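2 protein chains.
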Amino acid sequence: MILESKIRPIEWAGNHVKLLDQTLLPYEQKIVCITKYQEMATAIKDMIVRGAPAIGVSGAFGVSLGAKSLINITDKNEFLKKLEEIGESLKSTRPTAVNLAWAVDKQLELAQEQILRSAQDDRVFIDEIIKKLEENAIKILNDDIEINQRMGEHGTKIVPKGATILTHCNAGALATAGYGTALGVVRSAFARDNTIQVFADETRPRQQGARLTTWELVEDNIPVTLITDGMCGYFMKKGMIDLVIVGADRIASNGDAANKIGTYTVALVAKAHNIPFYVAAPHSTIDMSIKSGDEIPIEERSREEVTHINGKTICAEGVNIINPAFDVTPAEYITGIITETGIYKPSELNGLF
Amino acid sequence: MILESKIRPIEWAGNHVKLLDQTLLPYEQKIVCITKYQEMATAIKDMIVRGAPAIGVSGAFGVSLGAKSLINITDKNEFLKKLEEIGESLKSTRPTAVNLAWAVDKQLELAQEQILRSAQDDRVFIDEIIKKLEENAIKILNDDIEINQRMGEHGTKIVPKGATILTHCNAGALATAGYGTALGVVRSAFARDNTIQVFADETRPRQQGARLTTWELVEDNIPVTLITDGMCGYFMKKGMIDLVIVGADRIASNGDAANKIGTYTVALVAKAHNIPFYVAAPHSTIDMSIKSGDEIPIEERSREEVTHINGKTICAEGVNIINPAFDVTPAEYITGIITETGIYKPSELNGLF
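Chains as they are written, first to last, in this note's numbering: chain A, 17 to 369; chain B, 17 to 369.
Note that these hints are calculated values from the structure, not bench results.
This structure is a prediction, so every number in the text was calculated from the model and none was measured.
Misleading hints may appear alongside valid ones.
No copy is singled out in the list; a pair is fine if it fits within one copy or between any two copies.
[As the list claims (entries may be wrong)] Below, a list of computed lysine-lysine pairs in the DSS-like style, where the Cα atoms sit at most 25 Å apart:
(1) K287 to K254
(2) K46 to K328
(3) K34 to K46
(4) K254 to K307
(5) K155 to K97
(6) K253 to K307
(7) K84 to K173
(8) K84 to K34
(9) K254 to K122
(10) K253 to K287
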């Protein structure tokens, strides 16, 4: 059972990508038109588009737009080399979420395969590959929505009747091509039982919980209570939280999961109260090439994300800042991983892929 | 060894109280002059002055100012009755911190005792008690600074060389008459070993960590790193935090301690990493009349504290808010309670008082 949501943070408009500028939500709903791969790289870096699956889809379109910029190249090997450089520049914008690298590599592999197979002359080949990359980006976008909806269906199994679900950051429609991972599970569960509700962590420093999760749940009429990040212990101790569902930016083969900074703290607090802690993420978030979360690179972002809110400083000058954007929750704190093919224990990932 | 600090949030100016307006820090250093007890009640409620010991001292001055407003009363029993009403109005401004009630009651007891003993005529008695209440408020203020300095001395024993100390909210000079409880320990430790440093939790919703703790530590040249509330798990897992020291608003006889919302979350995360967790608080914070933290009333504050920062909304309209200002950390998570007479295990309080 799907709860229809109109929220579409990424849309393909025939010759450009339309991104809903997530740095301005909930104050303003502004669409940014992306016509060049460089603009897409900047949009990902500046978090106009954010969320592991969403930056994956955006990266795929980035490669497609990049291919179009190579239209005047006549040699197919040179074309491929340039396209790989474009792919690298896109991948380097954000290091933690593996979906970005996954989607960019999907596009590059498509181009590489075509080159191996093609006996056509270079000009025809390049025109064709440009068309295929666009089609593939559109497919990745549509697949993502469908994957989220399947994930949502599987996830409903672990949501008790009338549950209050705590989530951290935004793993919603806005973090994907639509529907959401953690909030996709919420949407599917709410379609069956409209007595469930969400508690949303504010998620400092960038406040994706306050700005994005409250906005998209209010839009879809799902009851949501905003709490500050330190409050999770208070509400868990009072028995007001039934389960936690969060997204992920990268899951190691042992089940360790990187997600927005603060997630690990929530996981520890959930464990102390025996509250189930689930991660909802598509297969493309699982990185079987790494053994544990220790191998996941943690992006450090700017000082200003911590020291300023809405352009105004919140602290004394002269304070030190360390701003890791993600943390890793060890597998032992994760009750289950909700994917498009079912729910798995962290230890089961190795047997699956 | 005392680290001199010039920060004095409350000063007696002969006929009025000067409060450093803590709602404006670190942006502006504005002094508010309090001449009437009603103004003091408002200043406490609006958190112009905040921190358990500081609102205790302020409450004592509130009673003193209230007594002066009764100067025209000629009957000493009527005077006492009115003074008790003023005391109740001051105590009701903030329910969680017991220091406020403690200091107000100290003043009322002084007046009550004087009445019992006095054989003087009412007019002379009232003039005298007004004078004594002022002297007693000044004594409570001066005692608080001295108590904090003794607490700081005892606390140095548990600070390892070169330690990084995590604190939550502001239990500093600003939260007291001067010097601070948790930050008093930091000051005394820093006077001996200037390689120690502080990590300060931002402490949403009111950001006392970001606004006040960073300000007062930068003022006193003690190295401080500001982190968001969700980050504690990340830094503890990395081994970057050696111990936690926080203040308290009320400690029950079993050692359960109420402190700023988010403290319990930090305590759970510290426990998971085997990091010592200390509470620094004067005897006046210990409420032997209650058996456990379950009996501590938790103040709920306004919706706007969560939904707005610096006057600007940070979330979607239509979101629900619950805003408990404090949480209770059970005694089992507290390594020790640092007081002006020494450091005790939570279980030792019952034998002490």
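Tested hints:
When the C-alpha separation of K287 and K254 is checked against a cutoff of 25 Å, the pair qualifies both within a copy, at 15 Å, and between copies, at 19 Å. In this assembly of identical chains, the alpha carbons of K46 and K328 lie at most 25 Å apart whether taken from the same copy (22 Å) or from different copies (19 Å). In this homomeric assembly, K34 and K46 come within 25 Å of each other (Cα to Cα) only inside a single copy, at 10 Å, whereas the closest approach across copies is 48 Å. Only between protomers do K254 and K307 lie at most 25 Å apart by alpha-carbon distance; the minimum there is 19 Å, versus 37 Å within a single protomer.
For a Cα distance limit of 25 Å, the shortest separation of K155 from K97 inside one copy, 24 Å, qualifies, whereas the shortest one across copies, 79 Å, does not. Within a single copy, K253 and K307 get their C-alpha atoms only as close as 34 Å, which misses the 25 Å cut-off; across copies the closest is 19 Å, which meets it. For a Cα distance limit of 25 Å, the shortest separation of K84 from K173 qualifies neither inside one copy, at 44 Å, nor across copies, at 67 Å. In the homo-oligomer, the alpha carbons of K84 and K34 lie at most 25 Å apart inside one protomer (17 Å), although the nearest pairing across protomers, at 68 Å, exceeds that limit.
For a Cα distance limit of 25 Å, the shortest separation of K254 from K122 qualifies neither inside one copy, at 46 Å, nor across copies, at 34 Å. In the homo-oligomer, the alpha carbons of K253 and K287 lie at most 25 Å apart both inside one protomer (11 Å) and across protomers (16 Å), since each shortest distance falls under that limit.
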